[in-house]
Amino acid sequence: MSATRPAVLLVHDLRKSFGAHLVLDGVSLEMRHGETVVVLGGSGEGKSVFLKHVNGLLRPDDGEVTVLGRSVSRLPEEELVELRRRVSYIFQQGALFDSLTVGENVAFPLREHTQVAEAEIAERVGALLERVGLGGTESLAPSELSGGMRKRVALARGLALEPEVILYDEPTAGLDPLTGLAITALIEEVTRTTGATSLVVTHDIAVATRLADRVAFLSKGRFGFTGTVAEAAKQEGPVGQFVRAGGVHA
Amino acid sequence: MRTGRDCYHHVVNVFERLYDLTWRRVRHLGGVALLGRAVTARLVTPPWNVREIVRQLEAMGVRSTNLASVIALFTGMVLALQTAYTLAAFGAKLYIGEVVGLSLIRELGPVLTALMVGGRVGSGITAELGSMTVSEQVEAMRSLGADPLRKLVAPRMWALLVGLPLLVVLADTTGIIGGALISTWELGLTPGFYFSHVLRLLKFGDFLSGIGKSIFFAFAIGLIASYNGLSARGGADGVGKATTDTVVAVAITVLVLDFFLTKLFLAL
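Chains as they are written, first to last, in numbering that gives the first Met the number 0: chain L, 0 to 249; chain G, 0 to 267.
Hints were generated in silico from the structure; no laboratory data involved.
It is possible that some hints are incorrect.
To be verified - Among chain G residues calculated to face chain L with C-beta under 10 Å, some are:
no. : residue
1   : S130
2   : Q136
3   : V137
4   : R141
5   : S142
6   : A145
7   : D146
8   : K150
9   : L165
10  : D205
None of these values were measured; they are calculated from a predicted model.
Ideal Cβ placement from N, Cα and C applies to all residues, glycine included.
Bound conformation, chain G alone (with noise of 0.2 Å):
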């Protein structure tokens, strides 16, 4: 039976658990915060390591094109099946181009490409530098007078910044012509009919929000794998774990911050 004593330990502990917790994301968003001080230095300031960016590019960005493309498509194709299905109820079947058009460029391109290359290659960069740190390889670096946020993590983030938003402008591509195929084969549009509805409402302005968008998902990417990167502890098990809390942590992260951007965005 419990006494009063043991309920009041047991408050306690809870108490101790929320504190410790809190704690720990406190000293989380600290430590990306100062990270992203620190490689933004690094990103603006010469010397870069352009053959290392280009590899890194090469890796992330080249390696991602088949994930970002399927996914675009069936994206493209499901949303045209969805919105003709919606649009025909107020007999506006004929404007499902405007709607894929900017759906797809304003929200999901930049969106969830930016959620799977982000798992894809977040988790790639965690792993990486993850298995640097815990086999001493980082302060190897530092011992040799290397810096290791401007060879490790410098060329690593100017591959995602340059490489997410040429992946978002291929998914957007891709999308489109996904619902293209479905306007002209389940909605019997022609595509010239189709194409000229998506280019009539789409604004330059649209594209650069999706782009503006996918710049600033790549940065946080880039933060959130190399911290849980360089701060993995303890052998093969504290990688796995930093890497399945930066998968996690990419896709809320591109989620809350999409509703931010959004209303920057619109509001601009």
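This is chain L alone, in the form it adopts within the complex (with noise of 0.2 Å):
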């Protein structure tokens, strides 16, 4: 990726424990405007932990993290809410409102930040809908959803306000090879057609060979390596290991 483009994300010497537990030592990480980076790591290494810090849910013991040029680890909550609306979280499960429909889900962000009449709110919410493959199911109740569906409902939401950059939290966890297929070629279109920064977490390398421009791979705090999945197959130890178990071989 172009070291020209203007970098979009720079997190420096992030520490976070839980009580005696330390989860991250010292990560650093810098991406730039358009870049892809997808995040390998096993089960528990801290990856969600790693992706929370960088839209401020989540503070630092220690270290900086930056994005768009606004340091998140100092901002205060209510100055946040502006970066946040150029920054989209996609949860692992969705995290849609249980209390709301699947078209008022989708139009939450809307009616938060915008002045937008409800007629054009409406056509917007269809309109995201019909992008991420649901269309017509405004009136559904996330309980009567599938997990792709879930997933998919909030990439829609996380879309509405057009953001800058989005973090994937585990895209294709707990669904059948082919919806994770399905999403992944979701989240490469919309990578494709809105240029956003995406950083994703995920311990699939599928997504990983399809999405990433580069991947990092947390280990014991620290991302232990970072380049390419070509590169990471060729590696020998932990990360090696990793990816070839994925079925990706130098």
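Mind docking these for me? Both chains are given alone in their own frames, and the hints should help you get the complex.
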């Protein structure tokens, strides 16, 4: 990825503990505009914890997180609101609001942050749902959706404010291989058409192979490797083993 | 056989557990206090989500009217029976209206309503917010740039602050009617005599004291329930534990708070 593009995300020496358990031990990463970085790692290595620091859902014990030129780790919660309009977070299970319908979930950020008339909101919600392949589902309740559909709705909700950065937390976790493939293809299409900078956390090598400009391998609280998937497959030790176990060979 | 070293480790272990327990309680109280400050700021500043407040008022207040009425009715009836029995020993059975009226309006109406409705509504708030927390819906709300305290907690607090005093008025009225039923059926007093005695000693300050207590109770119930819900961890098990904690904490808080509020209002 060209170093001439502006840096969108800068993480420097990020540290985070929960009680006596050290999760992140000096994580650093830089992402440039339009780049897709996939963070790989085993379960419980702190991938989601890392991602939650990027839009300020978690505060670091030490270190610095800068997104779109704003210091996320230092901004008070009220000032993070403006930044979060530009940075979408797609949760692992979708995190749709149970008390709202699918349409109301997708309309939520529009109602929260814009003065758009209800008729236009309805139109935009319809278009967003069409885009993720769920047209006409506005009146359904989240409880009526399958896991894959929930993730699609979450993606539609995340795209509503046309974000510059999209954070994906385990986008294919808990899905059958075909649905996982469809979600990955959808993310690829969204990345291509929006030009958004994407940070994807996953343990699914297929996602990394298809989406990543670079992968970063999180192990023991640090990024032990950063590079392409092909380079990762050539590595000795846990990085290479992890990638090769996912079916990618040097 | 226990050695001296075993005893030493046992004693150290007990003190460590006591320290942990105390520290957890202190952190819990600190958390509730911080939430109280943050929520108060959102209660008194716009925007207010009136539609959501009305929805919560219906869910918490209107649906608690049967519970509050039945409890107050039977409390009033039992109070009348017990008071008549006690006063009869002094030949003062005719003063039953004064005792029932004052007891209900100053004390039993607000406290029993807060205990019962607080348990029902408080556990509901904790379960709802808890399941939203463990399924990442609260974090999703934050990530979408919305304020969960303003969106979720403030409307529930407003509904409690408005709803509980109204339920106390209902409970006071129903309780006094319960007393009237017993006075008429069991003691042979006329309703007119009973009600004139209920009103004889009652002052507006007594009524305000009961309503004032209910406002403090509502605030405490809302805060405890919301804090436990928002700090729930670990799935359904964590939500269940948080809900149980709320019922216990609400009961203790209402009774302890009642003592101090009674002292305060009597001194005013």
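Structure-based check of all given hints:
1. Annotation: S130(G) was flagged as interfacial toward chain L, and the flag holds, the nearest CB pair being 8 Å apart, inside 10 Å.
2. Because the closest C-beta pair between Q136(G) and chain L is about 5 Å apart, less than 10 Å, the hint holds.
3. Interface restraint check: V137(G) against chain L, minimum CB-CB distance 9 Å, threshold 10 Å, status holds.
4. Using the Cβ-Cβ criterion of 10 Å, the hint placing R141(G) at the interface with chain L is satisfied: the shortest such distance is roughly 6 Å.
5. The beta carbon of S142(G) comes within 4 Å of a beta carbon in chain L, closer than 10 Å, and the hint placing it at the interface holds.
6. A least Cβ separation of about 5 Å between A145(G) and chain L falls short of the 10 Å threshold, and the interface hint therefore holds.
7. Taking 10 Å as the C-beta contact cut-off toward chain L, the hint placing D146(G) at the interface holds, the least distance being around 8 Å.
8. Annotation: K150(G) was flagged as interfacial toward chain L, and the flag holds, the nearest CB pair being 9 Å apart, inside 10 Å.
9. Hint on L165(G) is violated. Least Cβ distance to chain L is approximately 24 Å, over the 10 Å limit.
10. Contact between D205(G) and chain L, as hinted, is not supported at the beta carbon level, the nearest pair being about 41 Å apart and thus beyond 10 Å.
Taken one by one, the earlier hints fail for this structure at numbers 9 and 10, listed in ascending order.
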